[in-house]
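There are 2 protein chains.
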Amino acid sequence: MTSQDARTSENGREFGWHKDYVTGSRPDLKVPVRRVHLTNGQDVTLYDTSGPYTDPDIATDVRRGLAPLRENWIIGRGDTEEYAGRPVRPEDDGIKHTSPRGGLRNLDAVFPGRPRQPRRGRGGQAVTQLAYARRGEITEEMEYVALREGVSAETVREEIAAGRAVLPANVNHPEIEPMIIGKKFLVKVNANIGNSAVTSSIEEEVEKMTWATRWGADTVMDLSTGRNIHTTREWVLRNSPVPIGTVPLYQALEKVDGKAEELTWEIYKDTVIEQAEQGVDYMTVHAGVLLRYVPLTARRKTGIVSRGGSIMAAWCLAHHKESFLYENFEELCEILASYDVTYSLGDGLRPGSIADANDEAQFAELRTLGELNTIAKRHNVQTMIEGPGHVPMHKIKENIDLQQEICEEAPFYTLGPLTTDVAPGYDHITSGIGAAMIAWWGTAMLCYVTPKEHLGLPDRDDVKTGVITYKIAAHAADLAKGHPGAQAWDDALSDARFEFRWEDQFNLALDPDTARAFHDETLPAEPAKTAHFCSMCGPKFCSMKISQDIRRAHGDELAVDPEAGMAQKSREFAEAGNRVYLPVAD
Amino acid sequence: MTSQDARTSENGREFGWHKDYVTGSRPDLKVPVRRVHLTNGQDVTLYDTSGPYTDPDIATDVRRGLAPLRENWIIGRGDTEEYAGRPVRPEDDGIKHTSPRGGLRNLDAVFPGRPRQPRRGRGGQAVTQLAYARRGEITEEMEYVALREGVSAETVREEIAAGRAVLPANVNHPEIEPMIIGKKFLVKVNANIGNSAVTSSIEEEVEKMTWATRWGADTVMDLSTGRNIHTTREWVLRNSPVPIGTVPLYQALEKVDGKAEELTWEIYKDTVIEQAEQGVDYMTVHAGVLLRYVPLTARRKTGIVSRGGSIMAAWCLAHHKESFLYENFEELCEILASYDVTYSLGDGLRPGSIADANDEAQFAELRTLGELNTIAKRHNVQTMIEGPGHVPMHKIKENIDLQQEICEEAPFYTLGPLTTDVAPGYDHITSGIGAAMIAWWGTAMLCYVTPKEHLGLPDRDDVKTGVITYKIAAHAADLAKGHPGAQAWDDALSDARFEFRWEDQFNLALDPDTARAFHDETLPAEPAKTAHFCSMCGPKFCSMKISQDIRRAHGDELAVDPEAGMAQKSREFAEAGNRVYLPVAD
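Residue numbers (full-length UniProt numbering), protein chains in the order written: chain A, 1 to 586; chain B, 1 to 586.
FYI, nobody ran anything at the bench for these hints, they're computed from the structure.
Be a bit skeptical, because a hint or two may be false.
Heads up, the list lumps identical chains together, so a pair's fine if it works in one copy or across two of them.
[What the hints assert, rightly or not] Lysine-lysine pairs mimicking BS3-like chemistry, simulated, CA-CA at most 27 Å apart:
1) K545 to K259
2) K395 to K321
3) K481 to K397
4) K259 to K397
5) K259 to K30
6) K30 to K397
7) K321 to K184
8) K529 to K259
9) K259 to K395
10) K397 to K184
11) K269 to K184
12) K321 to K545
13) K259 to K377
14) K397 to K321
15) K529 to K321
16) K321 to K30
17) K529 to K301
18) K545 to K30
19) K377 to K184
20) K184 to K395
21) K481 to K321
22) K269 to K529
23) K269 to K30
24) K395 to K481
25) K30 to K529
26) K545 to K301
27) K545 to K529
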């Protein structure tokens, strides 16, 4: 055991947690887990998204990137080929030949890791997990996620084949630890990063990505819109243990100086190939924004709030025809299929306020996304559907129910939803409420919202707060869905709490650092870590201590089998109508 | 207008917010509101719990206390009398005659405000809002809350008379600004304060109370358990604009050195009268913990987690009979009725973990609370019922449905519920999720949970975070319940957001300080306050800016009446089955 945080408790037992692996059918199929060692000798195994960074036996170097874990699996399938690939151009990083500043703002920002050639399906064939699943093949990636989720590999294959789950894994992103997104599996959380024209740097973005996965992000979307987009993405991909998503439209728009109407299918297609060759695992495509839907947003309180949606709406109106995304959707499917890039069909017309929730524009687009989902499946492209947004609690369920019906149960991937508009600065909470509910009802992945939503770019602390808030929503949903094994974590922590095993309570917490720090604020002394009370109530008023005293003092009475003994009396009492002042039964 | 935060925008309009009042049928019936003045000339009026502290025209002094707003109303009813009252004893502050340290730890802590005699119902009669409502009388307090909630006074009277709402207002707490708790009204939030044997001082508690109401706490519970309990409570009551709740059992236990089995009805009754004379508006009473229910907790994961519940369970087992609270409940009703102290019937057996949710112990006690509710009503005592606790999302609704059925729709007052046990340090969020849901389904008041829950005593920042989180949950529920006027707030903020009226967005925010600070972190410059974008996406990618450009550029097309024009085309399209590649309709 390579202990991360091992100490020895009074009883001499080593406790803490460490990174461990569950090995599958082949030695290079090792699924990471977080093993928590309790002071009572028990172990609790938790899902781990943090990648090699939390394994002291693995030396990582962001300038070299992570080891290509899946490379042999991909090559082994023998259905892909390396090729020269598209040359990287200055404009990929937003630099114009005409630019007086020419060259990268920061030359050594170019990723220095091993040179690589892109790979794609031989003869343009679909090399997607969906294609394999439909052919009845269980890939290494499927076995990997089966071990990770504690289900059978056949269940994974079935869910993917039916289109109810996606396993985002571009053949050009061999570094990822495979994960699955579907309602039968653990609810997943996505964290957005990305620099903007206004602020932040490449190094910051890579750091935000590893930081987000450290706290539990299952996927990361790079939404960069400023300069160095291509290079930033390269650094993020080569160092990411989780699937990376993007919105290619953002980079394409940079290539036409932000003039939406100047966008063309050729520029967009070239950008998609550029990103597919780099290894982007899933792409948000706003192909559902139809010309005829735009007027439906005219009377909205907040119009169109999706960046991609507003860009496509502007394009449609400028050219007064359907978008190049919609018109060329079949060709786009063929491209994505040859790299196994997963679609995230964007909800460009999602509501941006409580007033606009569940309106005609939103649901009209959803119906079109259902059509596009069917087409994508025909091309063996894995597909998930994006959802809102701002929705009051009583209108949330209609969103997931309609999406599941219209999109043949394709995974739903929602942003929140935010349940009120009045709390800027706390939208991780306004949306965490809606996220937990919609995930309970079937949403497969939640896109986090940070405290900075609507106000500014999230910093390191905002990213952590957003991820933790959404891990709470996701786990609360796993519990409500009765996901097998979900409650074992709660039970272990509650046992530790009731037995005053403070260190175990900290180590089992979603955020051990914060739990320990908050406890120590009021009771720093080491003895307090084993005290049978905390500073909230103090010794005399600790209900759990009194509960334990009761059990010690009245063991006999309480030991009476509840089914046979006192519980029976209690039932008689209940049957007697719980009349008050009934003579005590003893 | 006495502006709190008035500035002048470019267009010369004054904007910001200020404290204002709506006057009722008599000059001394003035309901406070927060008026937000927008830069577009509109006003938005918000509910205000902050008391005189936010009115620059009123000089407040914590050493003198607030003006006795309700005194003339109470005297005017002519059904109460002043009397000598119970002498305050050293042990009321936890000081034993035998104590070598004798006297108050901190003498000038004794409240220096105006001397007052306690008041009670003449001849011990019930002087409760419930009694008045049942007699068809609309009190000043009822008219006050009617104005505050924007409903008719008759509606308020009906809800109180039916026992579906409570208006906590002890005749000895004339300082409060009346408020109402019931499912037909805005969802309310309670904040707990209180020193413990381990930490904190009188001044801190008074400061926490005013701080909590500043951010929206509708009531405050003083859960002090250390020394100076009596004096701390006096300072809090005399300075509180909101109803104050307590758990008399905590102080009674201090009087017997924390030995639960030594508690007696006499000591408890004396403590209740002591607190009623001071002006406590509602009291948590754990009379539902019956001897026969205790064994039902023996196999629980976390036993009994309510302090009061564990104390009463210990007492019942030690004496092997029903508690003095249960046996003397009718006499307790007579006492509370003569001061108009409202019952908060405590759920001493609430679940303390996901594993224990909705178990037999919890629901057996709830049935007994239903019986006690009926008895309390017979004595004209206003009554609400406390609820859990730790409950996974799929088990929440059963709690409110069962409580409403068993307790004849008496107001439900819940702690959270927490939807998972795994996130100590973030339980304001794990519980905010459950709180929003249970409030949507009918809970009338939510007891906040702070980030320090399970770990330590909340400090000033934790209190603010807890209150804000719960105001979000409460407002999200008001929206989902379709409370008249609730959405106007969201609409005003979303309009400001869409129109880039940043200052209006800040001033309308639940927490203007945080919203402004977060925005300024990345875009501090004053011009940014009127910029048509923020640092999240930058100018080129601001969807709202693009939306507006679209409306400007394509006004004619978009102006087409959606009902008649494009929407019709959109419907035809839908009826045509949304076939992809359908020729563009134009």
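| query | Of the numbered hints stated previously, which ones are contradicted by the structure, given in increasing order? | reply | 2, 4, 5, 6, 7, 9, 11, 13, 14, 15, 16, 18, 21, 22, 23, 25
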